[in-house]
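So you can see what is in the structure, the chains are spelled out below.
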Amino acid sequence: MSADSIPPPRTVARAVAGLAVLYGLYAVGAVLSSAVGWPVPGGIIGMVLLLALLRTPWGERLERCLGGIGAVLVALLPLLLVPVAVGVVAELTLLRQQWWVVGLTVAASWVVAVTVVAAVSRWTFARRRA
Amino acid sequence: MSTLVTDVPVWGTVLTLGGWVLAVLVLRTVPAAARVVPPILVAIVVVAAVLLVSDVPYDQFARTSAPLSALLGPAVVALALPVHRYRAEIAAVLPGLLTSALAGVVAAAAVVLGLAAVLDVDPGTVATLVPMHATSPVSSAVSAGLGGSAGTAAVVAIFAGVLGASAGPPLLRALRITDPRARGLAIGVSSHAIGTSRALEIDAETGTYAAIGMACGAVLVATTSAVVAAVPGLAALLP
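These protein sequence lines map, in sequence, to chains A and B. Each number in our numbering comes from the position in the first sequence (counting from 1) with 38 added on. Each number in our numbering comes from the position in the second sequence (counting from 1) with 4 added on.
Isolated chain A (complex conformation):
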């Protein structure tokens, strides 16, 4: 399929079905998250549900539906996060009062998190391969 041609109806139908599955699982995840009152967002619960569904006998068909549209959405993720991240401007006055405490704590704990996860996982993964 060349870039300038309109995709055949079958491909479009598949993408629509894939989008329906993704939104459906997100909705189920959001409902579960608020019903249980557990602060894990709907998207993360939906992602775990989809992982489970992909392992069922229908998994292969599901993957064919989701492959195209899912890959596009995953690739767009950084763009989709921009409006959320710009929320920083709404909190500027509060951050200005305590910027050095917040900045120091965020930086220190982030460096520790990266270092600990990388070091521990390198050790456990290497042991597995050996």
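Honestly, the hints are just simulated from the structure, not real lab data. Wrong hints could be hidden among the right ones.
The calculated label-pair distances, taken between Cβ atoms and stated as ranges, are [claimed, not checked]: (1) B:Pro35 <-> A:Val69: 45 to 51 Å; (2) A:Ala164 <-> B:Ala92: 16 to 22 Å; (3) B:Ala208 <-> A:Ala55: 20 to 26 Å; (4) A:Trp161 <-> B:Asp11: 53 to 59 Å; (5) A:Val66 <-> B:Pro35: 41 to 47 Å; (6) A:Arg99 <-> B:Pro174: 40 to 46 Å.
Among the chain B residues that face chain A by a calculated CB cut under 8 Å, a handful are [unchecked claim]: (7) Val18; (8) Leu189; (9) Ala197.
Source: prediction; values computed, not measured. Beta carbons are placed, not taken as given, at the ideal position from N, Cα and C, and that holds for glycine.
Chain A is fixed; fit chain B onto it per the hints.
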């Protein structure tokens, strides 16, 4: 900015897309910067600068950029696809993977509580900072539960994400971590969605392990924060 522009129901979407295109163009002309600075960071700065200069409230921008934000949930669900592709390999390292993520989340919380005790940070700020290493919706909900500020917690989580997207790869290089699985997991746990989106740009394997790390982080932060609130010595640092 003229209300004629800001009343258009999609101007926030147009601004975000424009900011992204500008970011990509700028980074293309400065290849040296492109190796360190991800497009998301430049786009955030551009859009935030426009909002601050034009004095448009964030709420109005959030409303008019909703068409983009509406795709965020399904996009996070779709992260299951790359993870599924590596299922056999992931199953083999699952115990080590969970141990590493737990170690990272606990160590990060320990640093926040340690600094809070040393610097005599006020309890409200501590409650806001403890759940930092989780995706914004998790960190804001958890910090509100602990007695912190939900809005600031979401922003602090974004700082961690942006830090991961820009400083993550250089830090891992300095630490001499070359295994893409360890690199991805570290970025995912520490810097959640924004870090994961950067890891996906590096390569599929790094991105996959970042997505797993992000999911582990969300669940573990929600759990460990409840533990912190239950331990009397630590709970004393909270409101």
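The hints, checked one at a time:
no.	hint	result
1	B:Pro35 <-> A:Val69: 45 to 51 Å	holds, 46 Å
2	A:Ala164 <-> B:Ala92: 16 to 22 Å	holds, 19 Å
3	B:Ala208 <-> A:Ala55: 20 to 26 Å	holds, 24 Å
4	A:Trp161 <-> B:Asp11: 53 to 59 Å	holds, 57 Å
5	A:Val66 <-> B:Pro35: 41 to 47 Å	holds, 44 Å
6	A:Arg99 <-> B:Pro174: 40 to 46 Å	holds, 42 Å
7	Val18	violated, 12 Å
8	Leu189	holds, 5 Å
9	Ala197	holds, 6 Å
In this structure, only the earlier hint numbered 7 is contradicted, and the remaining ones agree with it.
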